[in-house]
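Going by the working numbering, the residue at position 31 of the sequence shown is 58; the numbering climbs one at a time, nothing skipped.
Heads up, a few of these hints could be off.
Stated by the list, open to error - With a straight-line cut-off of 25 Å between C-alpha atoms, the simulated DSS-like cross-links for lysine-lysine are:
#1 Lys78 - Lys125
#2 Lys81 - Lys62
#3 Lys38 - Lys100
#4 Lys81 - Lys125
Hints listed in this document are in silico derivations from the structure and should not be mistaken for laboratory results.
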Amino acid sequence: MVKEKSISELKSRLENQDDFILLDIRTENEVLVSKITEDFIHIPMHEIPSKLSKINKNKEIIVYCKSGVRSAKVCEYLMQNNYSKVYNLKGGIIAWAKEVDPNMFIM
Numbered sequence: 028m029v030k031e032k033s034i035s036e037l038k039s040r041l042e043n044q045d046d047f048i049l050l051d052i053r054t055e056n057e058v059l060v061s062k063i064t065e066d067f068i069h070i071p072m073h074e075i076p077s078k079l080s081k082i083n084k085n086k087e088i089i090v091y092c093k094s095g096v097r098s099a100k101v102c103e104y105l106m107q108n109n110y111s112k113v114y115n116l117k118g119g120i121i122a123w124a125k126e127v128d129p130n131m132f133i134m
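Starting from the given sequences, assemble the full structure and let the hints guide the process.
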């Protein structure tokens with residue numbers, strides 16, 4: 028089962044500058060339009076299998092996409108590959124825009 032982090036939890040973690048990986052699995056075009064922060068790793072969903080070595084297994088990883096559906100699938104894949112500290116951002120960047128940055132444009 029995929030564990031989730033809420034928007035408020037992520038916002039707090041970013042404000043506290045906690046040590047974790049924010050993994051954006053959206054397409055290049057989606058990322059060009061909007062970002063939660065500048066401090067993230069971008070690996071499009073279809074590239075995850077070939078780029079697992081770029082994702083540190085020892086750190087907490089919060090994965091996000093547009094709505095949370097694709098990122099939940101990536102979380103499942105990471106857990107199947109022995110990543111244990113993996114969380115899906117509940118609602119994705121749509122929820123972030125709604126709760127934190129209502130002026131954010133979402134593609």
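Inset, instruction - Against the earlier hints, flag every one the structure doesn't satisfy and list their numbers going up. - result: 1, 4
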